[in-house]
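Novice: Between the sequences and the hints, there should be enough to build the whole structure, so can you do that?
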Amino acid sequence: MPREAGVELHVKHRGLVVVCLMIATLMQALDSTIANVALPYMQGSLSASYDEITWVLTSYVVMAAIMTAPIGWLALRFGRKNLFILALAGFTITSMLCGVAGSLTQIVAYRLAQGAFGAALVPLSQSTMMDMYPPEKRGAAMAMWGMGVMVGPIMGPTLGGYLTAAFDWRYVFFVNLPFGIAGVLGLLVFLPKTPARPEEKFDWTGFLLLSGALAALQIALDRGEELDWLGSPVITACFVAAGLGFYLFGVHMFTARNSFIPREIFKDRNFFAGLVTMFSVGIILVASSALLSPFLESLANYPVATAGLLMAPRGIGILITMQIAGRLTNRFDPRKMMLLGYVMLAAALIIQERWTLNTSQWWMVFTITLQGMGLGMIFVPLQVVAFYTIPGALRTQGTALLALQRNIGSAIGISLTSALLAHMTQYEHAVLAGYVTPFARPLQAGGTVSALLNPATPHGAALLNTLLNIQSQIIAYGDDYKFMLFTVLPGALCILLMRRPPTPSTMAPPLLQD
Numbered sequence: 002m003p004r005e006a007g008v009e010l011h012v013k014h015r016g017l018v019v020v021c022l023m024i025a026t027l028m029q030a031l032d033s034t035i036a037n038v039a040l041p042y043m044q045g046s047l048s049a050s051y052d053e054i055t056w057v058l059t060s061y062v063v064m065a066a067i068m069t070a071p072i073g074w075l076a077l078r079f080g081r082k083n084l085f086i087l088a089l090a091g092f093t094i095t096s097m098l099c100g101v102a103g104s105l106t107q108i109v110a111y112r113l114a115q116g117a118f119g120a121a122l123v124p125l126s127q128s129t130m131m132d133m134y135p136p137e138k139r140g141a142a143m144a145m146w147g148m149g150v151m152v153g154p155i156m157g158p159t160l161g162g163y164l165t166a167a168f169d170w171r172y173v174f175f176v177n178l179p180f181g182i183a184g185v186l187g188l189l190v191f192l193p194k195t196p197a198r199p200e201e202k203f204d205w206t207g208f209l210l211l212s213g214a215l216a217a218l219q220i221a222l223d224r225g226e227e228l229d230w231l232g233s234p235v236i237t238a239c240f241v242a243a244g245l246g247f248y249l250f251g252v253h254m255f256t257a258r259n260s261f262i263p264r265e266i267f268k269d270r271n272f273f274a275g276l277v278t279m280f281s282v283g284i285i286l287v288a289s290s291a292l293l294s295p296f297l298e299s300l301a302n303y304p305v306a307t308a309g310l311l312m313a314p315r316g317i318g319i320l321i322t323m324q325i326a327g328r329l330t331n332r333f334d335p336r337k338m339m340l341l342g343y344v345m346l347a348a349a350l351i352i353q354e355r356w357t358l359n360t361s362q363w364w365m366v367f368t369i370t371l372q373g374m375g376l377g378m379i380f381v382p383l384q385v386v387a388f389y390t391i392p393g394a395l396r397t398q399g400t401a402l403l404a405l406q407r408n409i410g411s412a413i414g415i416s417l418t419s420a421l422l423a424h425m426t427q428y429e430h431a432v433l434a435g436y437v438t439p440f441a442r443p444l445q446a447g448g449t450v451s452a453l454l455n456p457a458t459p460h461g462a463a464l465l466n467t468l469l470n471i472q473s474q475i476i477a478y479g480d481d482y483k484f485m486l487f488t489v490l491p492g493a494l495c496i497l498l499m500r501r502p503p504t505p506s507t508m509a510p511p512l513l514q515d
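So the sequence shown is numbered by my numbering: it starts at 2 and just counts up by one.
Keep in mind that the hints were calculated from the coordinates and are not lab data.
One thing to keep in mind: the hints can contain errors.
[What the hints assert, rightly or not] Below are the BS3-like pairs computed for lysine-lysine, each with C-alpha atoms no more than 25 Å apart in a straight line:
| id | residue 1 | residue 2 |
| --- | --- | --- |
| 1 | K337 | K268 |
| 2 | K202 | K268 |
| 3 | K268 | K82 |
Specialist: Here it is as structure tokens:
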């Protein structure tokens with residue numbers, strides 16, 4: 002019987018099902034960042050500006066966020082197995098379409114479709130994993146599952162950098178084909194069916210309100226810097242539409258008879274605090290990776306393959322702490338483990354705030370590894386604490402809602418950090434330019450330096466402007482990491498609202514185990 006009926010999901014070939022679930026999870030998470038380091042190559046191939054080519058990232062994340070919300074209803078309406086296979090097959094096909102796209106319009110459209118199909122993969126894989134394991138083994142199960150969710154965005158730039166340097170940027174999408182075929186065949190053969198409920202009705206009003214609000218908010222964040230934020234009627238209208246949409250959705254959710262997001266799920270204190278925590282983790286998870294790529298490639302002038310390798314240690318740090326957290330979650334207080342993870346994450350962001358072009362590669366590797374260890378130490382205990390009091394009938398909706406928060410956080414994080422980077426670069430350039438006067442020491446010293454930096458000559462003015470651009474970008478990157486540091490605080494404070502799960506010795510035995 003499925004979890005929706007209140008008992009454990011019995012699976013004969015559990016190991017093979019876990020492999021298929023990990024394939025689906027890793028593919029979806031990987032594609033949220035695998036195109037990061039390939040963006041400069043895609044920009045030239047598709048004749049797009051930097052702002053336009055970032056739509057390749059945000060379109061995927063936003064559509065995944067929009068389509069994550071109704072996953073619970075879709076799983077009940079059509080059956081979990083049927084939805085899972087359809088989503089994985091559609092994700093693989095749209096990945097191939099992204100690889101053969103010939104224009105910016107095509108690849109953005111295909112990425113939207115890819116995000117729509119990929120939205121179901123993470124919540125369905127998580128709920129299936131939780132249904133296959135009894136409560137005392139869920140810590141280890143979530144550690145295995147979490148490797149796909151957390152390592153995917155981290156390893157994406159590394160794999161994308163290698164494929165782009167060795168072959169072409171299109172191979173960052175073609176790589177999904179063999180794994181997608183293997184995952185679909187495995188789920189088709191080994192995943193047991195759950196009964197569909199054709200009588201389940203869908204809350205179209207709530208879904209359209211939430212989708213419209215998310216789309217309007219993302220458009221405002223993506224285009225705000227280019228259109229001068231509230232100085233533009235278009236951006237102002239988008240913010241108003243987003244605020245109104247979220248308000249009407251909230252009213253509808255708590256007053257409608259059958260909302261597609263069940264309101265009783267918000268009564269659970271642990272789960273509600275977990276939503277806020279996951280939002281903060283989502284902002285840092287993808288945004289920090291999106292910032293690292295241009296810093297290493299464009300500013301520090303590392304080759305694309307080297308930049309990808311420098312970003313790999315974050316995935317290693319996540320793997321280490323996820324395995325540790327998975328083994329210790331049922332023995333120690335998971336809330337203290339999450340707090341330790343936030344401390345490590347904050348320490349890494351403080352160090353990154355002080356990065357310059359003179360920062361050594363080993364210090365970069367240490368910082369990136371520390372950040373990954375912090376993320377891994379937060380993620381696994383969060384999955385256990387957030388779900389231990391959720392009823393089985395609401396677990397699929399809960400996993401979808403948690404994935405929705407992660408996707409929204411990722412989309413907002415990418416947009417805000419990109420806008421902040423552009424704005425602060427201009428601001429810091431203006432501030433630094435104020436110190437370029439005839440009385441500045443380098444311009445008074447005479448000799449070669451003064452001649453090269455003489456603003457009265459075209460060559461000197463250009464060289465001086467280049468130096469100011471480099472320094473202003475370094476400071477702007479530090480401002481972005483400082484912003485992400487402030488997002489750590491709400492998630493850390495939410496730990497105080499969480500109740501500790503019972504130890505295995507105090508748990509009631511599961512109804513059915515493998």
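Novice: Are the Cα positions of K337 and K268 separated by 25 Å at most?
Specialist: 23 Å, holds
Novice: Between the alpha carbons of K268 and K82, is the straight-line distance 25 Å or under?
Specialist: 29 Å, violated
Novice: Hey, K202 versus K268, does the alpha-carbon distance stay inside 25 Å?
Specialist: With Cα atoms ~23 Å apart, K202 and K268 stay inside 25 Å; holds.
Of the hints listed earlier, the one the structure fails to meet is number 3.
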